[in-house]
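Student: Heads up: the sequence shown runs through residues 21 to 96, numbered per our numbering.
It is possible that some hints are incorrect.
[Said to hold, decoys possible] Heads up, simulated SDA-like pairs for lysine to any residue below, C-alpha to C-alpha not over 25 Å straight-line:
hint, residue 1, residue 2
1, K89, D47
2, K74, P45
3, K89, W67
4, K89, A78
5, K74, Y44
6, K86, I59
7, K86, E62
8, K86, D41
9, K89, V22
10, K86, P76
11, K89, I57
12, K89, L49
13, K89, Q66
14, K89, D41
15, K86, L63
[To be verified] Cβ-Cβ distance ranges computed for the label pairs, FRET-style:
hint, residue 1, residue 2, range
16, W83, G52, 17 to 27 Å
17, L49, D88, 14 to 24 Å
18, D79, D47, 26 to 36 Å
19, D79, I29, 29 to 39 Å
20, I23, E94, 10 to 20 Å
21, A37, I59, 13 to 23 Å
22, D41, L93, 16 to 26 Å
23, S82, D26, 30 to 40 Å
24, I57, T87, 12 to 22 Å
25, V22, D79, 17 to 27 Å
26, D41, A75, 12 to 22 Å
Since the hints were derived computationally from the structure, they do not count as laboratory data. Positions of the beta carbon are idealized from the N, C-alpha and C atoms, including for glycine.
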Amino acid sequence: MVINPDECIDCSLCVPACPADAIYPDDELPEGQEVFIQINAELCQQWPNIDQVKAPPADAQSWNGKTDKLALLERE
Numbered sequence: 021m022v023i024n025p026d027e028c029i030d031c032s033l034c035v036p037a038c039p040a041d042a043i044y045p046d047d048e049l050p051e052g053q054e055v056f057i058q059i060n061a062e063l064c065q066q067w068p069n070i071d072q073v074k075a076p077p078a079d080a081q082s083w084n085g086k087t088d089k090l091a092l093l094e095r096e
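I would like the entire structure built from these sequences, with the hints used as guidance.
Tutor: Written out as structure tokens, the structure is:
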């Protein structure tokens, strides 16, 4: 999932909804995570909008907390 930084209205409703605690307001972004603003801007142009609640992937919990996953991100 990505968030379009140009459409985000900073309501923060997505922050507590993320089971992996991986969403931050841009002014509270942890050091070293700034690259994800650009990644979100890029991928939101390619991926479809989410318009309904879906269950997380079956292996989501096994990925939660793992480091160095960025190299595994598939981009078009």
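Student: Could you check the structure against the hints above and give me the numbers of any it violates, in ascending order?
Tutor: none
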